[in-house]
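Please take these sequences and the hints and turn them into a complete structure.
The lines below spell out each chain.
There are 2 protein chains.
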Amino acid sequence: MLYSERDIYFIKKTFLLAKKAKGFTTPNPLVGALIVKNDKIISKGYHKRSGLPHAEIEAIRKTTLRDMKGSTLYINLEPCYHFGKTSPCVDEIIKNKFKRVVVSTVDPNPKVEGKAIKKLRNSGVEVSLGVLEKEARQLNEHFFKNMEKNSPFVAAKTAQSLDGKIASRTGLSKWITSKKTRDFAKSLRDEYDCILVGINTVIKDNPHLDGLKKIPVKIIIDPKFRLPLNSNLANKYPEKLIIFTSYRDKNMDNLLPFNSGSWPVLEISSRNNNSSLLVKAGLAKWNNLIIRGAKVFFLREEERGLPINKILRVLYDLGLMSVFIEGGAETIGRFFDDQLVDKVYTFIAPKIIGGRSAIASVAGIGNNEVQNVRYLNNVRVKKIGQDIFISGYTGI
Amino acid sequence: MLYSERDIYFIKKTFLLAKKAKGFTTPNPLVGALIVKNDKIISKGYHKRSGLPHAEIEAIRKTTLRDMKGSTLYINLEPCYHFGKTSPCVDEIIKNKFKRVVVSTVDPNPKVEGKAIKKLRNSGVEVSLGVLEKEARQLNEHFFKNMEKNSPFVAAKTAQSLDGKIASRTGLSKWITSKKTRDFAKSLRDEYDCILVGINTVIKDNPHLDGLKKIPVKIIIDPKFRLPLNSNLANKYPEKLIIFTSYRDKNMDNLLPFNSGSWPVLEISSRNNNSSLLVKAGLAKWNNLIIRGAKVFFLREEERGLPINKILRVLYDLGLMSVFIEGGAETIGRFFDDQLVDKVYTFIAPKIIGGRSAIASVAGIGNNEVQNVRYLNNVRVKKIGQDIFISGYTGI
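Residue numbers (our numbering), protein chains in the order written: chain A, -1 to 394; chain B, -1 to 394.
There may be inaccurate statements among the hints.
Where chain B lies over chain A, by a calculated footprint (3+ residues, C-beta under 8 Å) [said to hold, decoys possible]:
hint: 1; region: 96 to 109
hint: 2; region: 162 to 169
hint: 3; region: 226 to 232
hint: 4; region: 347 to 354
hint: 5; region: 367 to 375
In short, the hints are calculated from the structure, not lab data. Beta carbons: idealized from backbone N, C-alpha and C, even for Gly.
Take a look at the structure:
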């Protein structure tokens, strides 16, 4: 189907509006709305964060009923149909006498999924659906993954030399890429709900893992509970810290219902546990972390380590809709082995580190063969200063 | 210094002419020449291969003395001053009454190095030197390296996944990149005098290592002389094969002057050795190869294997002015360890192979640290179909 240049023009503008809140609307999608009359934008709005008004309501509030009458509403996602934290937008649109609504994509949320479009049409509003649909899905790639797979969107980031090394043979990794590149990589954290690393990365690099504009939740996969209490992650914003472990003190066997129920997850936090019990068990470190506000989850370790799919399940249940994995090589390799990575960000410093015992960016078990390993989709390549940035999608 | 747009325009044309013979002029440089009168090109020429006329002579022969009188000669490299396979071009230029000569760079050959420029000026010819000098040096990067360092120009090529793997954990390496990329990589061989690999690559992949337009010389580093007689390299064009080994049959100790002289190199070939001695020594395989036309060089093995710098020395002495290394990871790593690589060609298929035991593109000992590993210079990035091609210079 072909769309008018005018529609494409205004829909692109809704994308730009929507993007302003990138990383801040979770679990909601990014939405921008424009009210256009006689080819003039008379109002605009975007969804700023969960709990605040939806984009179309923002736009509607900023204008008058008289102006809206007979106008066109441009919006990158189907208006909502259901009562959430706000009342359904579809009813507001009908009430305000819009003549036409231009929408990029249907809302994949099963509670909506075309129902709002149908209701608009039944109420006599003209609806054009599908303008820049592919781009609109990509804009909300996290949200679409969430709704369609009931799972967080997962991205893996590496910063490596041209020969694929993330650390030299002596273990040094600071820094392979330039400051400019690292700042850019930091800004990507702002787009994600949480940053995930393996415990070895924490012990070796003692990272902060913060974004440029926000403090994301940090996830540590730490089977043996080796997290140092004096680490940056345990000290700065510990309330933003989630630890997955399988470690249990022998004294805890009677305290933790490890085998109770089919879902072997137990959260220990000051909110839902009796911390005095933990102290009694001598688990001072654990208790200390929990008092600081961190969360600890227990998962039964499997042959290859903690079960990644269950970790993602827990994160999703916690409302963490997107995960940014920052290493190390084994942790990233685990996610690739289990085909749980949606997007890849690779920063390449064009230099050769070399070394048969240097660390390559993706470990794990790996693929047996090479010919049928799938190419990433939508690969983009750009230079950042002296470095090269490559991104793409696995298409899982 | 600023040059006129006209001069830049015509000098760029000499580059294009010169490039037509890329890979075929060794040990001579790539040279293109234009004769321009009243802003019109009245003749042109380029150096097609060693032994054939120089570029300016080509151009001069195609026109008349009358036309040349008062014209300008454009040429990317200083005309020759010395008698080689041809008489000095500088004298031809003076004889033919050129008014002006525009040259990009001085010829780095110690036999020339500005002498021709001086002679032209002393003879009343106006000379403009330095137009697009940097580009002209890059055009003849092999030749400049040869003249300035008395050593072959060395390039290392890898074809790898986004995570730097050249083979999966099971050792498979065919094919990581696409057909289109591999054909392009093949065309790069045409630009080099010889292709170098380690014996493991020969045994594992049984490659041909030919270019698209020419059959280059192939070099195998094979310390234990494991080259299979039925390999492609030993069968197709064995006269183009050079093997470096340290293997010596115990019967050979009395035959080979291994310790005679300071330069521990011995060439065995049907040309300069008594092959009956070898047969007598029971070295049927060696003799077989030599009868086919291959050359075998002996070098004393050092701690890390055969001495790479001596191999390059031998190649240079043989007139092989540029070397294209195609692997494997250990061979390429050796060259990087010894800082003997001038140029890097990396083909990246944006796919993740993964695997802690998969093979990364550059092995060897490697750098101890990462921060001070130098970035490549003049890095170029381009897409070839689905793959990404990155090249750069080490600046050694």
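Hint check, failures only: 1 and 3
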